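Student: If you want the building blocks of each chain, they are given just below.
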Amino acid sequence: MSMMLMDDLFNETHFSRFSSGGRTNIYGLAVVETPLSGKIPASPDFPSSLLSSMPNDNIYDIDNHHQHLPTSSNDNKYKHVFASSFYGVTCLVSAAGYWNTIELQLDKDIGEIVSMDSFYSDKTGLVLAFTTVHVLNNLKNTTEVEGQHQFMLRIYSINDLGSISCMEDALFKITEKCQKIPLTFTPMQLTHTLIRKTCNNNNDSMSELCLLLCGTDSGVHLYTFVRGFEKQAWGEEAVQPYFPFLSEMASLKSNTILSLEIFDIGTKKIIAAGCQNGILHLAILQQGSNNNKEGNYIQLEKPQFAPLFSPITSISIFTTSTSEQNPGDVHMLVTCAVEQVLIYRFVDRRGVKCPIQLRECTQHDSVLCSHVMDVDWDGRNEVLVGTYGRELLIYKQQESSGEGDDDLTFQLIWRRSFAHPIYRIDHLDLNQDGLDELVVTSQYGIHIFQPNLHKAKELLSQMFEELDHLRVNYVNAIL
Amino acid sequence: MKSKCLVDRLKWTFEGNMTPHAYAFGDVDNDEDNEFVIGNLKGEIALFKGISVGGQPAMTCKNLGTVGNYSFSEFDKLITCVAVGDIRNSGKNSIVCVNAEGKCHIFDIAVGSPNPTSPIGDESASPPMRPIINDKSHEIEKPNLTLGVPVNCNRILIADIGLYHTKSITISLSPTVDGDGQNEIILARTDRVSDYATEVIGGVPSKKEKSNSASSLPYLLEKKEWLFERQITSLLSATDPNTGAPLLLVGQPGGHFVIIEKNAKHTSSAISHEINLLEEVNEVSTELVKGIKWRDGKSAEVIAIITMDGLFKCYDLQSGQMSKHELKVNHKLFGLSALNLDGVIDNTQTGKIYTNQKPNVEQSDDAFVTCAWNGSTYVIDHEFNVVNFEFESRVCAFAAGKYAITPGYNVPCFMYVDFEDNIYVYFNIQINTKPMLNFGEVMRDVDINKYEELLKFYYKEYEQEIEAFSPNNPPYQPTPKLTSFFNQCLYKLDGYRKLKAKMEREIQDSIERKKVIEEKEIAEVNRRKEIEEKEIVAEINRKKEEDEEGEQEETAEFAQNDINSSSTQENKESSSSNENGNSVDELSPTIHNENDEDKEEKEGEEEEQKIEGKEKEEKKEEEGMPISGDQSKELQERRDSGFIHSRDNSIQMLVKKSNNLADNCHNKSQVSKADQQQLQQKTDEINQEINGGNSDIATVIDQPSLSMQT
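Those sequence lines, one after another, are chains A and B.
Following the numbering used here from start to finish, the first sequence increments by one per residue and tops out at 479.
Following the numbering used here from start to finish, the second sequence increments by one per residue and tops out at 710.
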């Protein structure tokens, strides 16, 4: 541990390089939460070992038997991470104290992966979806140098996890079943969100997850999982009933949406869309009081927009505090390809009227990604920004004594250079040790950063002292 | 195996390919900052110092091979090996490079002679923040000294192997020749004609100037020669840990090596390790380095041996123990170095240089670094933990060593020479070879038993997991419940705060509960007291009834009423309702009796009230309050009649009784001292009420009595 600098927030634990020189992009990382944990024992070569198949049944059964019983309660949730490179998907499966790396066994002819998303819900099961581009070589017309591009949405899923014993098992089996939906446009960001859907039989509405796909046809496409009597499949549905704002954008042929963020806070829903031409669109919806059928949300005022004069690469809407009960103010972080990062403060109240720029981000080429997490366990969210100029920057909220909205500023507290451009940032507890690892994808692989374990220990010891003190008081009080 | 991605690097330019051993790290100009020297196949060497902004060397020297076109082959020019060391035994380092045709060139670089241009950046900044910057390359005409050595030397070592004084050779270049610690130059030769010819090691003692001969040219005096049957793949000097005598180690193909002790005459007398002549000859090249390992506060030299095909061995000179580890590699390994990776981290970008936080920096073990032709680099520690770094290009030569990017800080650097005339210098190498730790393992350091009570308090599965968590059970075992507790504390401050709030609330609750219980107890005691008091009163009344007749009746009645109204506050209601003649809740049958009596004696009430009014007046007088003339007159009358005295007596009797009652309570409940005190207090209160309560009641009844008077 001597290499660990005490004032460091994160230390790189491991770099997992994509095999065969694959590269990732800004849509190539997804964290999924499932009831399944990784269970295949760690290889002695961890963390660089690659799990290529399920171990033979005997070992696996023993292990399964041994580990399944105590964790049978269903409230356990485990996060895992997927990263796509051009021709493959690397999964890091979290397990107790380690993780397993699996490369998905995909068809050879899928082409290049453009964007990816993954989620789990009781209704849909484990879903791994990605969009691909395949270059069709027209053999008849050999004079045509450029082949035709064929775009496809591929949805892999396991609907019933009942027979699946562990996450590794799920990943080896998920590629068996694939639904292919041809696309007539170039796909961009693929994401998912919760919608309220009316049941056919009665007028009750219930929440369910749907896939949202942005495309060059300036529209957002919505796919839902339909569980019919005979078959169950994903199908496209009109966006309008759920997101009138997005369908309006499409009808205006505004521009390709590069990044889409839908954020729920209390009774509000904030939808932000960043376009290739640099226009940032923002709509704030308020949950209707009555349980009306359609969407249940009412647009508060006219959608707002702001011209940023540069393709918008990412949007993160976040709250001041990590507390769910008292989230505090809501802000929106917007990153641009032309070297700027803006934070629209109090976006729920003030829309796009109160932006502030993160100065240092202008010095590192295009800003490609952003993320929000509490890096120092103080209950407040920090802002993370990754650039093509190979720099990761972390900002902390600073509130001066004043009451005005302008008193909220962001201060650079940490930075780290990378060897390659940074495409995406996320976090999860990859080794199930209680601390969240920072996951950063740069051009050729996945970087895993552990937070400063010693700082965490110090803090936790303090908390224990505090709690123990309380406990003693408690005990004294009842005696 | 962990994998790392190194970030900070410099790119230098140096043309031409090179042999994998034609480089050296060292303080060439004796300014205590390490430089890097490299030689190529074209007979050129280059010296790099500091950052070298333009990527150009600080100094170069060309034509170190045969001048002109006389050279039989292009390869005669090639620099086969380079070393930096105190070859002149003058206390100052020189560059020594040897070419294939038997020339050994020596360069003496004066301090500051590469003359780095003044550092850029803020002049006011402290010197460590200003890296050495070279943007001009200085070409040296020729070496300071060129000596003839045997041809086909491919390894060089400058070290004190104790040969210097073995012969009585007289004059040296350096004036201070006496004593030990004089360096020799050891060269290894290879016969390129046939691999199976016997190779020669030129055991060449340190260079002498032959001043006593006609020729004033210095030359190297050959002191010793050892013959080996197989290729010499590596040269290394070490110290015998037992005797402190110098040792020379010679690498042999197939992962073998030979240790030559001081004064050993020839190979036969050398300690030979692992050379089994019957073993099939394995010509896999072997490299040797020595690394420091700390044991009980003492440093020891450990010999690391690596073969091209990935067999890594550590040989402990002290114990003679050999440990092995197989690296799974697809490409041939070379460039083995030992390097202390714990140290200064030079982050000139942010203007910060971090020194190691560990107080005993010196006591950290060296790690071993080696590289494959495809750029895969392996950092291996003494426990065979491996960290991998992929350099993204094919590698012509690899070197790991300490180099001064910034003046005053020799930091670990990896140098990759590619096939495109570039040298990539990686610095800020933050590689921790220890296996990945998870937070649970770190938390095991915390004395968790200190919080045993706390953990028991919060989560019931404590017992199960704490066993696994104990540092006495070394292999890490997952403790999911404990882990989620950690997580909750750190990330779900909501939860943590809730937990705290819950605690606080529970503490508050329990305090209140306790209070309620106490109050209940008190109330219970009081109730019992009341009942008993009433019983007593009833008894008294009955007695009085029996004893007193006619005019005496008034007094008894009075006494009874007095008790009723004054026993306790709570009883007031009942007593007042008694006065009103209404039946109250059934505290006890005696009360009913009283009520009945009340009804019977209602007729006398008026007078009774009057008396009470008088009583109040009497009290007022006692308390020193002014009494009106009429009242005092009346009072006087009453006193005269002896009526008041008798009444006072009855009250005194009652007080006595109630005290007895309190004593009874003590005995009955047998409570603690505190409670006794409390009860005593209560009793006192009751007594007070009995005494003072009269006035309360009196005020209530005062009004009608007064109205009557008027």
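Think of the hints as simulated: they come from the structure by calculation, not from any bench.
Fair warning: there could be bad hints in the mix.
Unchecked claim - Simulated pairs of lysine-lysine, DSS-like, Cα-Cα distance not exceeding 30 Å:
1) 456/B to 293/B
2) 434/B to 456/B
3) 79/A to 108/A
4) 92/B to 123/A
5) 108/A to 253/A
6) 79/A to 456/B
7) 268/A to 302/A
8) 450/B to 455/A
9) 455/A to 481/B
10) 353/A to 77/A
11) 328/B to 77/A
12) 324/B to 79/A
As the list claims (entries may be wrong) - So the derived list for chain B, only partly shown, Cβ under 10 Å to chain A, looks like this:
13) 221
14) 225
15) 392
16) 450
17) 476
18) 484
19) 499
20) 511
Nothing here was measured: the structure is a model prediction, and the numbers come from that model.
We put the CB at the ideal spot given by N, CA and C, even for glycine.
Student: Below or equal to 30 Å on CA atoms is what counts here, so check residue 79/A against residue 108/A.
Tutor: Distance ~28 Å between residue 79/A and residue 108/A Cα, so the pair holds.
Student: May I ask you to test the interface hint for residue 476/B with respect to chain A, counting a Cβ-Cβ separation under 10 Å as satisfied?
Tutor: This interface hint holds because 6 Å falls under the 10 Å limit.
Student: Would you mind confirming whether the straight-line C-alpha gap from residue 455/A to residue 481/B stays at or under 30 Å?
Tutor: 21 Å, holds
Student: Double-check residue 392/B for me: the hint is only fine if its C-beta lies closer than 10 Å to a C-beta in chain A.
Tutor: OK, holds: residue 392/B within 10 Å of chain A, min 8 Å.
Student: Please verify that hint: residue 499/B, Cβ, nearest Cβ of chain A, below 10 Å or not.
Tutor: Constraint on residue 499/B satisfied, holds at 7 Å.
Student: Can you confirm whether the C-alpha distance between residue 450/B and residue 455/A stays at or below 30 Å?
Tutor: 19 Å, holds
Student: Does residue 511/B pass the interface check with chain A, least Cβ-Cβ distance below 10 Å?
Tutor: Since the shortest Cβ distance to chain A is 5 Å, the answer is holds.
Student: Need the status of pair residue 434/B, residue 456/B: alpha-carbon distance at most 30 Å?
Tutor: Distance of about 33 Å is beyond 30 Å: violated.
Student: Given the hint that residue 108/A pairs with residue 253/A, does the C-alpha gap stay at or below 30 Å?
Tutor: With a Cα-Cα distance of about 36 Å, the restraint between residue 108/A and residue 253/A is violated, given a limit of 30 Å.
Student: Would you mind confirming whether the straight-line C-alpha gap from residue 268/A to residue 302/A stays at or under 30 Å?
Tutor: Holds - the C-alpha atoms of residue 302/A and residue 268/A are around 15 Å apart, at most 30 Å.
Student: Given the hinted pair residue 324/B and residue 79/A, is their Cα-Cα distance within 30 Å?
Tutor: 38 Å, violated
Student: Please verify whether residue 328/B and residue 77/A have alpha carbons no more than 30 Å apart.
Tutor: Violated - the C-alpha atoms of residue 77/A and residue 328/B are around 36 Å apart, more than 30 Å.
Violation of the numbered hints given earlier is confined to hints 1, 2, 4, 5, 10, 11, 12, 13 and 14; the remaining hints are satisfied by the structure.
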